[in-house]
Amino acid sequence: MPNFDLAKTPVRELNAALHRLSPSTNETLWTVSNPCGEHSIAVGVDADITINIHGNAGYFCGGMNKNATIVVEGSAGQGVGENMMSGLIHVKGDASQSAGATGRGGRLIVDGNASARCGISMKGIDIIVKGDIGHLSAFMGQNGRLVVFGEAGEALGDSLYEARLYVRGPVASLGADCIQKEMRDEHKSELIELLKSTGDAFKVDVSEFKRYGSARKLYNFNIDNAGAY
Amino acid sequence: MCGIAGLFLKNRALEPRLGELLTKMTSTLCERGPDSAGFAIYGVGQDSKTKLTIAGPKAGYDIEAAVKRLKREVAPDATSFVRYSHAVITVDEKDVPKVEAWLEENLPEVNIVSAGQRLEIFKEVGYPDDVAKYFDIAKMSGSHGISHTRMATESAVTTNGSHPFSTGTDQCLVHNGSLSNHASLRRTLRKDGIKIKTENDSEVAAGYLTRQMRDGQTLGEALKSGLDDLDGFFTFVVGTESGFGVIRDPIACKPAVMAETDDYVAFASEYKSLTGLPGIETAKVWEPKPATPYFWERD
Numbered sequence: 002m003p004n005f006d007l008a009k010t011p012v013r014e015l016n017a018a019l020h021r022l023s024p025s026t027n028e029t030l031w032t033v034s035n036p037c038g039e040h041s042i043a044v045g046v047d048a049d050i051t052i053n054i055h056g057n058a059g060y061f062c063g064g065m066n067k068n069a070t071i072v073v074e075g076s077a078g079q080g081v082g083e084n085m086m087s088g089l090i091h092v093k094g095d096a097s098q099s100a101g102a103t104g105r106g107g108r109l110i111v112d113g114n115a116s117a118r119c120g121i122s123m124k125g126i127d128i129i130v131k132g133d134i135g136h137l138s139a140f141m142g143q144n145g146r147l148v149v150f151g152e153a154g155e156a157l158g159d160s161l162y163e164a165r166l167y168v169r170g171p172v173a174s175l176g177a178d179c180i181q182k183e184m185r186d187e188h189k190s191e192l193i194e195l196l197k198s199t200g201d202a203f204k205v206d207v208s209e210f211k212r213y214g215s216a217r218k219l220y221n222f223n224i225d226n227a228g229a230y
Numbered sequence: 113m114c115g116i117a118g119l120f121l122k123n124r125a126l127e128p129r130l131g132e133l134l135t136k137m138t139s140t141l142c143e144r145g146p147d148s149a150g151f152a153i154y155g156v157g158q159d160s161k162t163k164l165t166i167a168g169p170k171a172g173y174d175i176e177a178a179v180k181r182l183k184r185e186v187a188p189d190a191t192s193f194v195r196y197s198h199a200v201i202t203v204d205e206k207d208v209p210k211v212e213a214w215l216e217e218n219l220p221e222v223n224i225v226s227a228g229q230r231l232e233i234f235k236e237v238g239y240p241d242d243v244a245k246y247f248d249i250a251k252m253s254g255s256h257g258i259s260h261t262r263m264a265t266e267s268a269v270t271t272n273g274s275h276p277f278s279t280g281t282d283q284c285l286v287h288n289g290s291l292s293n294h295a296s297l298r299r300t301l302r303k304d305g306i307k308i309k310t311e312n313d314s315e316v317a318a319g320y321l322t323r324q325m326r327d328g329q330t331l332g333e334a335l336k337s338g339l340d341d342l343d344g345f346f347t348f349v350v351g352t353e354s355g356f357g358v359i360r361d362p363i364a365c366k367p368a369v370m371a372e373t374d375d376y377v378a379f380a381s382e383y384k385s386l387t388g389l390p391g392i393e394t395a396k397v398w399e400p401k402p403a404t405p406y407f408w409e410r411d
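Residue numbers (the numbering used here), protein chains in the order written: chain A, 2 to 230; chain B, 113 to 411.
Any given hint could turn out to be false.
Said to hold, decoys possible - Looking from chain A toward chain B, a few residues come up when the C-beta cut is under 10 Å (computed): (1) P36; (2) G75; (3) N114; (4) G154.
To be clear, the hints were calculated from the coordinates, so they are not data collected in a lab. Bear in mind the structure is a predicted one, so any value in this text is a computation, not a measurement. Note that the Cβ used here is the ideal one computed from N, Cα and C, for glycine as well.
Whole structure, please, built from the sequences with the hints as guidance.
What follows is the structure, encoded as structure tokens:
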């Protein structure tokens with residue numbers, strides 16, 4: 002069980018060790034102590050392992066993650082799980098801005114709040130935030146699901162493509178081309194499936210959520226808007 | 113990049129530790145701004161006295177000689193001490209214009225870094241940890257303080273181009289970001305009687321807030337007006353004799369995180385700066401919302 006103490010070892014050595022792992026490695030449980038907000042912890046991992054980070058992570062924690070399970074026992078800075086491909090990142094505290102940005106797959110769970118631009122340009126990732134999210138979240142979201150137990154800030158889903166947004170609390174405002182949509186049974190089942198993965202399926206009432214999606218009016222150039230350019 | 117840390121103490125028992133806590137917070141932000149660093153400390157003041165913090169154009173300038181001459185020629189009753197490259201001179205409030213005019217006339221290379229009953233500013237080119245050590249910030253006490261680590265973008269790396277900037281009595285500002293309309297705004301402010309000494313964009317923001325408050329706005333109102341009048345991106349942390357304020361531009365692209373307990377309000381560019389504060393585990397921690405002024409006043 003490898004343990005890296007970032008008070009003694011530079012983060013580059015940790016990441017280099019993680020990058021050397023083969024997919025069939027039997028070193029499957031890693032711990033990182035004294036992260037103290039260090040940036041780029043466990044970035045670019047491609048192995049089915051679990052990494053427990055005991056403390057607060059800085060920017061880009063778990064970026065580009067493939068297959069690994071990364072648990073942050075604290076808060077995470079900007080861009081946690083940015084462009085992740087698969088696997089799971091679980092932040093036990095809050096996440097700063099751009100959580101899960103451009104994520105292509107896998108699941109990002111934030112137990113606390115996520116701030117501005119959560120899920121910006123998401124492309125297939127599932128993001129579950131148990132607190133609130135900040136302004137401009139899911140901006141240009143193309144695919145994947147964003148579930149928020151609390152409130153959303155200004156301009157939710159601005160210029161949204163096909164990402165699906167479920168928010169339980171109030172939304173400060175919707176961005177351009179983002180609209181509230183009917184919550185049909187298929188969406189409730191989808192939400193229950195997502196909540197099962199976080200162990201919240203029977204704690205949270207899915208009928209309290211509202212669904213938001215794209216009005217699909219910005220997909221194609223509209224000649225009536227030519228004067229605006 | 114740039115890094116900002118700020119600490120506003122609600123519990124007076126912590127005041128002797130202000131410098132130590134602010135130094136620790138700043139130390140985590142060295143890599144965000146390795147060019148220069150500065151500290152604004154609101155310490156003890158005396159009624160009808162003003163502290164002028166002065167510095168030469170760069171470290172190594174003989175500030176002691178400047179102080180001696182100043183005392184001999186214009187301010188015989190002044191008290192003073194030297195802290196590394198800066199000197200703090202305490203004079204009667206009514207003598208401030210006289211001293212300022214004398215400095216401008218006789219030692220134009222000497223900059224008045226700050227003026228106020230309680231404010232002292234120490235800033236210098238160098239790695240932030242070293243700058244804090246040179247000035248021995250850790251030993252300073254006070255009610256609130258703001259620090260900055262600079263990665264220069266809009267103007268040169270000099271002592272005077274370092275943050276914090278002070279353009280009004282007991283007022284100071286630090287900035288992360290850059291402003292696009294600083295040249296035109298600088299001209300307007302100079303016409304309105306605000307002294308702006310450098311070509312730095314952040315000093316213009318400081319001057320802008322000074323003018324707004326001079327013309328009757330509260331700190332909170334001045335911050336709000338800035339949203340309309342300052343073009344660019346910014347996270348500002350500002351201090352006044354009794355207050356501490358924060359504002360981010362409407363997009364909020366520059367990072368900011370805050371923590372509040374019964375004992376203090378703290379600001380930092382990154383969460384890691386807050387981790388050494390007492391009671392941070394149970395503090396209320398949040399990221400300030402865009403285009404929303406936050407400010408606190410001492411009782």
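Status of each hint after checking the structure:
no.	hint	verdict
1	P36	holds (9 Å)
2	G75	holds (9 Å)
3	N114	holds (7 Å)
4	G154	holds (7 Å)
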